[in-house]
Every structure is written in C-alpha cells, then in structure tokens.
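**Q** In the order they appear, the protein sequences are chains A and B. Sequential numbering of the first sequence, starting at 1, is according to this note's numbering. Sequential numbering of the second sequence, starting at 1, is according to this note's numbering.
Calculated directly from the structure, the hints in this document are not laboratory data. For every residue, glycine included, the Cβ atom is placed at its ideal position computed from N, Cα and C. Among the hints, erroneous ones may be present.
[Claimed, not checked] Residues from chain A that keep clear of chain B, each with C-beta distances beyond 10 Å, as calculated:
(1) 53
(2) 58
(3) 64
(4) 71
(5) 119
(6) 130
(7) 145
(8) 157
(9) 164
(10) 190
(11) 197
(12) 211
(13) 236
(14) 252
(15) 277
[To be verified] DSS-like cross-link-like pairs, simulated, lysine-lysine; straight-line CA separation at most 30 Å:
(16) B:50 x A:55
(17) B:146 x A:51
(18) A:275 x B:173
(19) B:22 x B:93
(20) A:51 x B:50
(21) B:278 x A:189
(22) A:190 x B:278
(23) A:198 x B:146
(24) A:231 x A:87
Okay, here's what each chain looks like letter by letter:
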Amino acid sequence: DKTRKGMTDKIDAILRSYGKIDEELFDDLEEILVTADVGINTTMEIIDRLKNRVKEEKISEPDKVRELLKEEIKKIMEESEGDNKLKIGSSPTVILMVGVNGVGKTTTIGKLSYNFKKQGKKVIIAAGDTFRAAAIEQLEEWSNRSGADFVKHSEGADPAAVIFDGIQAAKARKADVLICDTAGRLHNKKNLMNELSKIFRVVNSEFPEAEKEVLLVLDATTGQNAISQAKVFKEVCDITGVVLTKLDGTAKGGVVIALQSELGLPVKLVGIGEKIDDLQEFNVEDFVEAIFD
Amino acid sequence: MVFESLSEKLQNALGKLRSKGKLTEKDVDTALREVRLALLEADVNFRVVKDFVKRVKERAIGSEVMESLTPGQQVIKIVNEELTILMGERESKLNIASTPPTIILMCGLQGAGKTTTAGKLANNLLKQNKRPLLVACDIYRPAAIKQLEVVGERVGVPVFTMGDRNNPVDIAKAAIEYGKKNNNDIIIIDTAGRLHIDDDLMEELENIYSAVNPHEVLLVVDAMTGQDAVNVAETFNDRLEITGVILTKLDGDARGGAALSIRSVTKKPIKFVGMGEKLDQLEPFHPDRMASRILGMGDVLSLIEKA
Ligand SMILES: Nc1nc2c(ncn2[C@@H]2O[C@H](COP(=O)(O)OP(=O)(O)OP(=O)(O)O)[C@@H](O)[C@H]2O)c(=O)[nH]1
Ligand SMILES: Nc1nc2c(ncn2[C@@H]2O[C@H](COP(=O)(O)OP(=O)(O)OP(=O)(O)O)[C@@H](O)[C@H]2O)c(=O)[nH]1
Ligand SMILES: [Mg+2]
Ligand SMILES: [Mg+2]
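Whole structure, please, built from the sequences with the hints as guidance.
**A** If you want it as structure tokens, here you go:
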C-alpha cells in the first residue's frame, strides 16, 4: 500500500543520496526505527551495533547498510530464548488472553478458536470479561462463528468463577483447548491486576495438568507504554507470549523488539484484520521487512 | 522510569554549571539532548520533536537565566512554556448548534474508545439538562449495537438502532429524523472503528458526514498511541475535517505524547480526556498538565512555577 511504499522509497532515496557512510546516514536510519515505535533506547542500541559492524567489516557502500541493519534487528530479537511458536501440541491447553483495554483480546480469541476448530480440536471459550458492556455477547458471537463451546456467567459475576467453570467444562467434555477472555485493564490499576492474579491462580491450581499459554495482547499502534504494560502483566501472571494486533494498519509495532529482546517475551501471533481468518503466526523476517517497507 | 529521571539528568548535566547570566548554545544543546530523548520516549512523533527542539533552541539561546533557577531548569521552563502553547487552549466546550439538534459524529481507529466516550458525552450532556440521543452506526463489530444499548441504558439516554442490516448512512439519516421528532437536542453518532487507510470504510464515514452535516466531528484517540498518531490524525482530518479530539485511557501511565503529535499536525483542540471506563470519567483537557505529563517532570515544574 501507499504508506509502506512511501517508506521503501524513502529509505532507498536515503541510501542513494549518500556517497559514503556518515553520521547523517545513521541519523536517518535512526529516524526510520524510531518512527516504527522501536523506541529511542533500543534504536540507539541497534544503531551502535550497526556502526560497530560497519567499522569492523570495513564496509563503505551505503546500500549494504540496509541489509546489515535488518540483520542486526533480527539478531537482537533472536537473542532471547523465547519460542515464537504457540505451545499447543499437547492437550489439554489453557490459553489466557490478557491486556489493556481495546487491544483485540476478544477478537483474537474468535480467530484462534476458529483456527483450532479447523484443526479438528475441541475448543471451549470462557467469558471472563463480565465487566464491559456487551463483552459476553461479543464473545458469544465469536464462539458461534468459530463453532466453539461457550461458558458464561451473567454480567457483573466474579470472573475467576467463570474461569473455574470453564476449567470444569474442559475437563468434563475432554476439550483440547480452553481459551479464557479477560476484561481489558490498565496495568496501573492495582485492584484489577489483583483480580487477574486471582484468575491466574485458579488456572494454575484447578488445571495443573494443562499446558499453559498466557498471551499478552498488544495493539501495534501502541508506543513505548507497551514496555510498562508488559513488565507489569508479566509480574502478575507469567506471560508466555505476545499477540501483536492491528498490523494491517500503518503502525509497525516496533516496540515488540524491546519486549522480545529485553523482557524475553516472544511474539507468537499477529492480527492483520477484523475477520476470523486474519490471524497469522509471527515471522521475524516478515516483521523486520515490514519495518523498512 | 526513564522520564522520572529527566530532571535528575538535567541537574547532572547542567546543575554544576553556575547560572551565569545568559544561556549559551552549549548549555542549551546539552539540555535539549535530554529533552529530545524524553519526548521520544513519551511517543511524541519524531518530526514533531525535531521541529519543537529547533524552536526551543532558537528561543533559549541568549535568554536570561533567572536567579532562582539553574541553566537546566531555565531550559525546562522554556520547553514547558512552548509545549503548553503548542498544546492549545484548555477546551471542554462542544459546538452547540443555534438551532437544535446538535449533531456529533464520533470516529477513530478500532478500540480507541468511541462507544464508551459517546456514552460519557451523553451522560455529561444529560446532566446539563440536554436531551441526547445515541445512534448505533457500527453494524460490523460483534455486539457493537448491544454495547451502545447497554451504555445508553446505564446513563439513561435513548439509543437509536436499525440493527445491522441497514447501511450506516441510512441509519444516521433516519436517526436525525427520529431525534427531531422526539425533541432530542443532541444527537451522538457512534461509528465502527476503522483504519485510516481503509478506503471503503473511510468513504462510508465521508458519506455519513455529508448526509448529516455534523457540528462536531470528534476523533477519539488512545493516549497510548505511538508514532503513528500523526498519520491517523492527519488522514481523518483530511477526509472529514475533524473539529476536535478526545484522548482516552489517560488514567493509565502512558506519557501521552500522541496529544502533542496530533495537536501539531491537525491544529484541532483536544476537547476532553477519558479517565476511566466508567461513564462519568470524562474530564476537561488541561494543556499545562499534559505538558508536564509528557515531560514527566511534575516536580521540576512546580519548582519552576514558584520561581
Ligand atoms: N484492523 C484490525 N482491527 C482489529 C484487529 N484485532 C481486533 N481489532 C478490532 O479492535 C477492536 C477491539 O477489539 P476487541 O477484541 O473488542 O478488543 P478487547 O481487547 O477485547 O477489548 P476490551 O475487552 O474492551 O478490552 C474491535 O473493533 C476489533 O474488531 C486487527 O488485527 N486488525
Ligand atoms: N481505562 C480506560 N478505558 C477506557 C477509556 N475509554 C474507553 N475505555 C475502554 O476501552 C475499551 C474499548 O472501548 P470502546 O468504547 O469499545 O472502543 P471503540 O472505539 O468503540 O471500539 P470499536 O468500536 O471496537 O472500534 C473498552 O474496554 C473500554 O472500557 C478510558 O478513558 N479509560
Ligand atoms: Mg474484550
Ligand atoms: Mg465501538
């Protein structure tokens, strides 16, 4: 699309306009990264590494720098041990969706559930957001679309009790996957984070035999606040991975570089639209390419 | 947090320098380097930061250091003043039509907080003895209509819907007729979240706009938005001519640099801020508070204000 192309043109133009590699070239590369929400600290780290390589390998052609930069980003992301694949091989699996308000938790559950159903798995969805207006109805529609079973209580009920029931249903019906929705919550709200920690404890104590994925859903439009979100959610409930949504927009979601490299939180899935099949596995190559496209 | 220490960094960088009459270029550069980093960390757009830092630099070099301040604080004082100016007037008023009904169109990206904010506005207006009507024009998102109905019920404001089988443009038109008949003096139209690059949905929004001729077109923006805020705001403003912005989720700990980015590309006022999920958590916008929030320097600023 237009914006993406604009970026490619821009970086090509930048690289062409340099007869040699100098500070100004690095400044422009810095702009590209910061504009992709990589964050100034991570950006400076990446640019420093790039400078070192350019020096060590005695590189003098500006147009080689772009490939090197991509390599450095990939490297920094791959330094963490996390696995970018969802752990769903073994059954049963519990997936807990958490995150701040409006990022795409409920929608991602619909998409994921559809994927599992297509693979012939038995899926149960638990409506753990009992707070937001019509959150239960929204999730119920997604469970209808994907053909998953649905466990709910009424609005205002204790979310931990809903999850408890979801677990009992998953056991009784021998489900392969139980996916739990939770209400959106800002990480600086103590009481809401305590509520989440209670849900997390219920999952651990009631379903010890299950494989667990706790996915932090992150809106690609989000800037540096994502780091603070990830840190706090990680403390409260042992995040195992990140879902990066809304990558179909013009935002690049560059902040996940820091999440993966500094906090060891691997991105596992990306959302690329509002439809049921708009979910993909995360691919570092594609992600890094897109920063420069 | 990085930001909490901006004042410390500046103290370290400049504190040792004696206040020596006028700010030199070197003082200013050292201070502005830290300021630039703080603004970028706060998600202010790269370009906006660049222009801003340039402007501050021009103004700061040669300006007199007040006795009560260090050179670093003096730069911050100038930065804060410029930020506050850029942020605009304190604005919490809606354009009310001289002949009712006043029509308000809500728009923005997915999940920004349009539906919730529509409910908050209705609640606000109800308390000012207005007779608002909420209109459900999001026919796409699962349970979007139901959500608005629940919100309407919570605040005690009627909700006009025609289900999800009608075109949003027709729904909007019918809602205006309905509102006129029922003596509603404010009509608030909730629309589906959409990407600024989604041509079909942006065209739909333009069509709603021309069909109802709104007095207010409010762009709802999440305070956590990063660098992309400028692209979003610019495109919505180009296609619709927005009249104002509402910044949501400011009850979080985001610095909210998006506010500055959006202001500087659209020049449109930030009319309200969302401070929570509850329907009474809508507040007037305070440019000065926003400025110090973005800088993350409440402490230094209160010190400077006393000076
Ligand atoms: N363009 C786009 N929109 C998305 C994507 N994922 C979700 N959305 C939209 O984002 C909005 C919010 O999605 P939800 O699934 O309700 O988000 P949530 O995190 O459950 O929200 P709360 O429960 O209110 O905290 C909806 O309009 C979705 O259709 C995506 O990958 N791309
Ligand atoms: N903490 C907090 N949450 C908010 C605020 N405003 C909205 N929300 C929450 O953000 C989420 C999304 O709000 P909605 O009103 O559904 O957003 P929307 O823009 O209508 O979303 P779509 O219609 O899907 O595009 C919900 O969980 C709201 O409760 C706010 O000011 N503070
Ligand atoms: Mg939800
Ligand atoms: Mg909505």
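**Q** For this structure, which hints from the list above don't hold up?
**A** Per hint list: 7, 14, 17 and 19 violated.
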